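K.L.:
Starting from the known structure of chain C, arrange chain S on it as the hints suggest.
Number of protein chains: 2
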Amino acid sequence: MNKKEKTRRRFLQYGAGLAGLAVGGIGTARGQTAESEAAQPKNLRSYGERSRFEKTARTFGDGSPNTFTPLQDLDGIITPSSLHYVFTRGITPMDIDPQQHRLLIHGMVERPLIFTMAELKRFPAVSRIHFIECVANTAPTRGRAEEERVQERFGKSSCSEWTGVLLSTVLKECGLQKGASWLLAESADRVTHSMSITMEKALDDAMLAYGQNGEAVRPDQGYPLRLLVPGWEGVRNVKWLKRIQVGDKPFMTHIEIGTNASLRKDGKARWFNIEMGPKSVITRPSGGQQLSGPGFHEITGLAWSGGGTIKRVEVTTDGGRTWKDANLPGPILPKAHTRFRFPWNWNGEEAVLQSRCTDERGAVQPSLLELAKIWGVEPSYFRKTENSVIHFNPIQPWKVNRDGSVKNAIWEV
Amino acid sequence: MNKKEKTRRRFLQYGAGLAGLAVGGIGTARGQTAESEAAQPKNLRSYGERSRFEKTARTFGDGSPNTFTPLQDLDGIITPSSLHYVFTRGITPMDIDPQQHRLLIHGMVERPLIFTMAELKRFPAVSRIHFIECVANTAPTRGRAEEERVQERFGKSSCSEWTGVLLSTVLKECGLQKGASWLLAESADRVTHSMSITMEKALDDAMLAYGQNGEAVRPDQGYPLRLLVPGWEGVRNVKWLKRIQVGDKPFMTHIEIGTNASLRKDGKARWFNIEMGPKSVITRPSGGQQLSGPGFHEITGLAWSGGGTIKRVEVTTDGGRTWKDANLPGPILPKAHTRFRFPWNWNGEEAVLQSRCTDERGAVQPSLLELAKIWGVEPSYFRKTENSVIHFNPIQPWKVNRDGSVKNAIWEV
Chain C
107 MNKKEKTRRR FLQYGAGLAG LAVGGIGTAR GQTAESEAAQ PKNLRSYGER SRFEKTARTF
167 GDGSPNTFTP LQDLDGIITP SSLHYVFTRG ITPMDIDPQQ HRLLIHGMVE RPLIFTMAEL
227 KRFPAVSRIH FIECVANTAP TRGRAEEERV QERFGKSSCS EWTGVLLSTV LKECGLQKGA
287 SWLLAESADR VTHSMSITME KALDDAMLAY GQNGEAVRPD QGYPLRLLVP GWEGVRNVKW
347 LKRIQVGDKP FMTHIEIGTN ASLRKDGKAR WFNIEMGPKS VITRPSGGQQ LSGPGFHEIT
407 GLAWSGGGTI KRVEVTTDGG RTWKDANLPG PILPKAHTRF RFPWNWNGEE AVLQSRCTDE
467 RGAVQPSLLE LAKIWGVEPS YFRKTENSVI HFNPIQPWKV NRDGSVKNAI WEV
Chain S
107 MNKKEKTRRR FLQYGAGLAG LAVGGIGTAR GQTAESEAAQ PKNLRSYGER SRFEKTARTF
167 GDGSPNTFTP LQDLDGIITP SSLHYVFTRG ITPMDIDPQQ HRLLIHGMVE RPLIFTMAEL
227 KRFPAVSRIH FIECVANTAP TRGRAEEERV QERFGKSSCS EWTGVLLSTV LKECGLQKGA
287 SWLLAESADR VTHSMSITME KALDDAMLAY GQNGEAVRPD QGYPLRLLVP GWEGVRNVKW
347 LKRIQVGDKP FMTHIEIGTN ASLRKDGKAR WFNIEMGPKS VITRPSGGQQ LSGPGFHEIT
407 GLAWSGGGTI KRVEVTTDGG RTWKDANLPG PILPKAHTRF RFPWNWNGEE AVLQSRCTDE
467 RGAVQPSLLE LAKIWGVEPS YFRKTENSVI HFNPIQPWKV NRDGSVKNAI WEV
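Here the protein sequences line up with chains C and S, keeping their order.
Heads up: the first sequence begins at 107 in our numbering, then just goes up one per residue.
Heads up: the second sequence begins at 107 in our numbering, then just goes up one per residue.
This is chain C alone, in the form it adopts within the complex (with noise of 0.2 Å):
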C-alpha cells in the first residue's frame, strides 16, 4: 500500500462523504461573510448573547412551567445556565431583590440569626461542579415511548458549577443545641416549598449556593440563594431560600410523604429514597436524531451518580451482547455530569444503543429488568400510569433502524 492509499484509509476511518472537496472552493470560504458582517450592538458588548443561527431551547412540561435542558445538543459537562432544567410546584419569582432577601435560621439553635446576602458571602466560599436532577427525571410518560427524546426522557438533569458558603460553616455561628438532627428547608416562593434535610447532610457537603458557573445563581434556579445537596433528589435543592429550621426529627412535608414517596406494589411507600443512584445516557445518537448513513459516528453521552465519582461508563452496540469500556475524558468530579465518548462504526444494520455506569462505591446502573426485580415487580409495571414511579435509572437503550432514524427502544429489551 502506497502512502496516499494509506492516508486516504485513514480519512476513510470516519466514514465516506465526512470531508468533501479539494481547492478551488477557496472563494467559498473568503467571500461568505464579506456582505452579511454587522456591527455588535452596544448592549452585546456589555453582556453577549448567542448566535441568531442557534435555536437549542429547552423544551416544556404538559401545561407547566417546567422545562427540560436539551441535552443531545450539549457539549462538555456544564449545562449553560440558561438551558438549565427548572421544575418546580410554583412559579419562578422573577423579582427577589437581594437587597431585601433574608435567611433565617431559628429552631435548635443556640443563637436564632437572620443573615443578608452580603453577610453570607463574607464567610469562606467554596466553588464546585455538580448535577442536580429531578427524582422525577427519565420516568416513564403518558407519551408514545418510541417517539421520546433524550431531552423529554432525561432532560430533568443539568450540571453547573456552584459557589456558596458551606452550609456547616452557617450552622456553626448559629451554635447546634444538642440532639439537632434534622433540618427544613424553606423557600420564599409563592408555594412556600418545603422540604427535609440530615443533619449528617447538613454538616457535609450541602451549601447555600449564590453563584452558578460564575456568576450570581438564575432567578429559575433559586436567585438569589438556594440550598444545594449534591447528590441528593432535586426537590430538597431548595431554592429562593429563606429559612432553615433546625430540629430533632424530619418534618415530614406533604411533598416527601406523600407526593414524592416511591408507592409499591403492595400499597406501601418508600420514604427518604433522598440519593440519586447512578445513571448514564447516549445524548448522540438518541431518540429522533437521524444518522446521515453508515460510517464512524462517535458515540458521546453523560453518566452521573449521588454516590460520588463516575469510575466507569460500558457500551454496546449490539444489544448487549457485547460491552466495552467509554473514554472518560475528564474533568471527572464526584456528583458531577461526567462525559463519555466511544467510536463507533454504523455498518448500516439494525443496533441498538446502551450505556452503562458504575461509581466509586461500585454501584452499577441496572437493566429494566433488573430494576424490576430489584422493585419486587414485573417490567410493565413501571408503564403504568397511575404507578408513581420515580428514582428510575434503567440502562437506556436507543434503537438504530436501517433508514438512520434513532427511537427509544426502553420497552422493547
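Since the list can't tell identical chains apart, any single copy or any two copies may satisfy a pair.
In the DSS-like style, the derived pairs of lysine-lysine whose C-alpha atoms are separated by at most 25 Å in a straight line are:
no.	residue 1	residue 2
1	LYS355	LYS307
2	LYS148	LYS161
3	LYS161	LYS227
4	LYS505	LYS227
Hints listed in this document are in silico derivations from the structure and should not be mistaken for laboratory results.
All of these numbers come straight from a predicted model, not from anything done at the bench.
P.N.:
Just chain S now, kept in the frame of chain C:
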C-alpha cells in the same frame, strides 16, 4: 469559658457585624416576596436570563470594540460566556451562517480539503477547560494607576469549557507533506486576521473549537469555529476560522512581527514569545473596592499559566514580608484559571495584599523588580506608554487604606 462564650467566639472569627438580629424578624423574611412575584415569560422559559438586579458587565476599552471581564464579580473558575473578554482588531461578525461556513486546509498537505461544520462535528470530539488571555493583558495603561480596578487591569483573561476536534485529528485527514512545520490560521471577519502556529502545537493540544460552556461558541468568541491554542497568546486563538495553510516556515504576519512583537530598549524586538507566563491576581479585595470595616475578609483570586497546571499560590498581607500558601479548592486543571482562597482578618491598619503563583514547571510569577531585571530595564521603563509592554505578569499589589478603600499599588513597591 462556657459553651455560649465558645460559640460566640466562633462567630466573632468572621468579624463583628457579620450576622444580624435574633428572632422577631421572621416576618421580614417571610413577607418580602409575597407581592412582588411575577410569572416568568415564555421566552425566558425557553432560554433563561439573569435577574434584573444583576448588573455586572463587561467594560469597554477606549474607543474600541474591546471589552474586559468583570473578574471582581466572578466566582469559581468558569467565566460566563456573556462576560468573556473580547479583543479584536475589527468588529464581531454577527451574521456568519454555520450552514454556509467552511474551513479550508491547504498548502503542504497531501489532500487540500474543505470542511463544513457538520463534517467537523463528525470527528471524535474533546472538551477541555482552558483560559484565553490577551497578550496585552495587565499592560500598563494611560489611566491613573491607583484608580485602576482588576477588571481593566486583568480582565483580558477568561476561562471556558471548550469543545471541538483536535487539530491533529483533522490534519491527519489531510495528510502532511514532508517538511511541514508551520501553519497559518486565518479569520473570516473583515480584517482577515492571521497568525502562525507551530506544527508541534498543532499536533499537541490545538483544537478546532465549536463549543463553549456547553453550547455553541459565542459570536464574539469566533462563532461558529475558532482555533484554540491552549496557553498561548490570545491573539493566536484565531476566531471565525476559515483557512489553515500548511507551510515550512512561520508566515510572518504583520501582527506577529509588528504590533505584537516585544520591542526592547535596544530597539530590537522579540518575536514569537508565544506562551503566556504564570500569573495570578487577587480579585477580592481589589482596586476600587471598599472594605466594610476591620474583621474577617476572605481573600480570593485566580491564577493561571500557559506552562500547565498551577501548583501553588502564595499570599502576603504585609507587603511581602511573609508569604503563606493559599487554598486551591479545585478543580485544578492545566492551562485553566485556578481559584485560590485565603482567610484574612483585617486589623484596620494599612495593608498591601499580593499573590504569586508557581506552575508545574516550577516557573514562579516574578515581582516587578525581578521582571525588570529579566527584561534588563528599570521598573520605570514599564510605565512609559511609548514602550511596547506585553507578556507583563508581575505580582500585583493592592493597597488597603485605613478607610477600607483599596487601590492599585503596582508602582509603589
